[in-house]
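Engineer: As given, the protein sequences belong to chains A and B, one line each in that order.
Letter 92 of the first sequence, counting from 1, is numbered 865 in this note's numbering, and no numbers are missing.
Letter 33 of the second sequence, counting from 1, is numbered 566 in this note's numbering, and no numbers are missing.
Keep in mind the hints are simulated off the structure, nothing from the lab.
Hints are not guaranteed to be accurate.
[To be verified] Calculated Cβ distances over 10 Å to all of chain A for the following chain B residues:
1) 571
2) 588
3) 599
4) 758
[What the hints assert, rightly or not] Output of the computed footprint for chain B on chain A, the stretches with three or more beta carbons under 8 Å from beta carbons of chain B:
5) 787-794
6) 988-1002
7) 1033-1045
[What the hints assert, rightly or not] Subject to a maximum C-alpha distance of 30 Å in a straight line, what follows is the list of computed DSSO-like cross-link-like pairs (lysine-lysine):
8) 792(B) x 770(B)
9) 638(B) x 779(A)
10) 1009(A) x 638(B)
11) 825(B) x 1025(A)
12) 1038(A) x 773(B)
13) 836(B) x 825(B)
14) 629(B) x 780(A)
15) 625(B) x 825(B)
16) 625(B) x 1009(A)
Fair warning: this is a prediction, and the values are worked out from it, not measured in the lab.
In this text, a Cβ means the ideal position worked out from N, Cα and C, and glycines have one as well.
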Amino acid sequence: MSDGIKKEIGKQYFRYFRIWFIIIGILLAVTAVLGVGRMKEGNIRRTNQEAPLERVYDYADVLTDAEEENLRKRIAEAERLLHIDIVLVTLNQPMEGEEAMQQYGFRSVEWEQNMMDYSDDFWEEKRYGYNSSIEGDGCLLLHNWYEGQSGGNLSTSGRVEAWFSNEDIGDVMDAVAKYGKTDPYNAYLAYVEEVCFLMSPEDGSGSRNAAFPLAVVIVLPLVAALGFAVVNLRQKKAADTTTASTYVEGGKPVMRARSDDFIRKSVVTRKIETNSGSSSGRSSGGSSSHRGGGGHHTSRSGASHGGGSRRF
Amino acid sequence: MIFVCKNCGGNVVYSPERRGMFCPYCDSMESDERKDFPDSEISVCPNCGGEIPVEEHTSAAQCPYCDNYMIFNERVEGVYAPKKIIPFRMGKETCKNSLREKFKKCTFAPTDFLSEAKLDSMQGYYVPFWFYSYDTNCRYSGEGTKVRSWTSGNMQYTETSYYRICRDMDIDFQDIPVDASVQMPDDVMDLIAPFQYGQMESFKPEYMSGFYGEKYNMTSDVVESRAKEHMRADAEKLLKESISGYATVSPGQRDVQIKNSAAEYGLIPIWKYNYQYNGQTYPFYVNGQTGKIVGIPPVSKKKVWAYTGTLWGCLTVILLMLRWIVTWIV
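Chain A extracted, bound-state conformation (with noise of 0.2 Å):
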C-alpha cells in the first residue's frame, strides 16, 4: 500500500470520526473540571450550627457506654461522607391508647400516629438537619422498647426524604429488626450501614444514585455500532426504475370493455358480548414503586417529613 493511500485513509478516518471526537474532547474539559471542583469541596461544611453534637439518645438504657461511643464514631464518619444528620432514640414507654395519649399529649391512640409525631417532634425540637434546621437532610430513627408495644419509626428529611422510598425505608426496618431485642448495638450500626448504603453517591458496579444504569452505558453503544454496521453493509445493485408502462405506448392501455357486475350479498350477524365483571382496582396504598418521598406527610409543625413504622 502506498504511503498516499496510506495517509488517504488517515484522513478518511478522521473526517469521519472528527465531531465524534470533539464531543469527547468537550466532556473530557467538562469532566476534569468537574471532578476537580468535586475534590475541592469533598468536605462540605456543616451549615446549620443550631443542632446539638449529639447523635445518640438511649433513654431505653439498651446500650453500654462504649457502644454509645462507638456508635457516636460511626455516625460522625458516615455524617462525614454523605452531609446528612443521623440521629438514634431509644424509648421505652408507652405510645398507644388513652392513658398514653393523655400522659403524653400525643394526638392520637394510634401508634404508628405517636411514633410518627414523637420522632418528628425530636428532630424538630433539637433542630436537626445537616444544611438547614428542621428540613434540612438527615433521618432519625426511633426504637420503642416498651413491652407489648415495641417497634421503631424512621423519621427522614431534605435528601434523606427526597431519596428514600417505601421500600428503602422498608429495607431500614429489616436491618434493624434483623436482631430484634437481642442484640441491640448491632441493630443500630445495621441502621446506620443501611443508611449509609442507600445514600452512597458512589459504588463500583453502578451507582444508586447515578443518572441511569451502567448497563445503558454497555449495552447502548453495542446496539448502536451493531446497527451501524448493518445498515452500512446493506446494499443493492441498484432499484429497478421501471414501470409496468414503461414500454407501453401511450403510456398507458386503451381500455376496449370493462364491467363490474353485482352477482349476490350475504350478510352474517353476530352477538356482541358485554363484559358484565367489574373492572378490578388496587389500593394505591402501601407498596411505592418510584423514588423517593416514602412516608411524605407533614409534622404537627408543618415541616416536610418522610418515613415510616414497624413494630417488631
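Dock chain B against chain A, hints included.
Structural biologist: Leaving out everything else, chain B in the frame of chain A:
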C-alpha cells in the same frame, strides 16, 4: 474502419459532451474522414501494425499500442447491421463524478475505490440489444368482494357483496429491451434500464468511434422468452391496476394474446468500471445515456472493524462521561 482527421490525421472520436465527432489532437469538430481496411486483417492495427485483442463478437476496439479506435465493418454491416443506436450522452469525466457522488457515502468501501487512477480505467461499450414490440389484447375475469359492517344495539352486521369483474384491454408494448451479449450479466442489463427512446437514432458507425462495441451474440429468437416474460408481467400488473375498490379479488381467467410482434437490433451505451480488490473483480455499469449506476462496492473488512469499533468506543466514552457529569451535578 477508422475515422481520421482531415486536418492532422489523428484518430477522430465521437464526443458525448460535444455531441459530435471530435479530434482530440487538433481540437477540430466534424473533421472526420472514414478509412476502411480489409476485414481479413481484423486483428492487426491498420495504423501501427500492432496486434489487437479481438474476440469473437467484438465490433469495435482500441489498439493497445497507438490508442486508435477502429470499427470492424463485417460486424456492423449485413446481418449484423444495427437498426438503431443511442449515442453516448455522458462522457467519461461525468461518469466518474456520478460514481463518486453515488458511492462517496459507502463507509466500508476501500479507500482507493474512487481514486482518479482507478476510475480512469473506465471504458465505454456499445452493448447489443434486441428491442421487442408486441401488440397485445389482454382479457381478465374474476370475482371481487366489497365488505360493509355496522352495529345496531347489541348486534354486529357484516354485509359482503360479490361482483363479477371483466376487463378487456389492448396494450401495445414498444421496444422492450433484452441484451444480446453473453458477457453482460442479464440482471444488470435489466436494472440499467430504462432508456430515453426519444434520443434513439438510426445507426451510424461514427458513433462507435472512441468506444468498444459488440455485435449480438444471441439471435432474437433465443432471447425473446425474456422479453415475453417481461411483457406478460407488465400486462398482469396493468390488469391489476385497473381493478380497485374491492376487499378481495379472486382471479378467474387471464389471457394475453399477441396480435403482432417485431424485433429490432440496436446498440446501447454503457460505461464499465472494473475494480480489483483482494483478488476479486467488482464490476460497475453506468448507463451512458441516463447515468444510472448498477453495482455493489466491495467491503473492506479492516474498515468495518475499525469504524464500528471506533463508534462503539466513542459512544461508550461519551455515555460514561455523561453519567459521571449528570450524577455529580444532580
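Engineer: Compare the structure with each hint and give your call.
Structural biologist: Cross-check of the supplied hints:
1. 571: Holds: least Cβ distance 41 Å, greater than 10 Å.
2. 588: About 25 Å separates residue 588(B) from the closest Cβ of chain A, which puts it past 10 Å; holds.
3. 599: holds (30 Å)
4. 758: holds (16 Å)
5. 787-794: holds (count 4)
6. 988-1002: holds (count 11)
7. 1033-1045: holds (count 13)
8. 792(B) x 770(B): At roughly 20 Å apart (the allowed maximum being 30 Å), residue 770(B) and residue 792(B) satisfy the hint.
9. 638(B) x 779(A): holds (19 Å)
10. 1009(A) x 638(B): Holds - the C-alpha atoms of residue 638(B) and residue 1009(A) are around 14 Å apart, at most 30 Å.
11. 825(B) x 1025(A): Roughly 24 Å between the alpha carbons, so the hint for residue 825(B) and residue 1025(A) holds.
12. 1038(A) x 773(B): holds (23 Å)
13. 836(B) x 825(B): Holds. Residue 836(B) to residue 825(B) sits at ~27 Å (cutoff 30 Å).
14. 629(B) x 780(A): Cα-Cα ~22 Å, so holds.
15. 625(B) x 825(B): holds (14 Å)
16. 625(B) x 1009(A): holds (24 Å)
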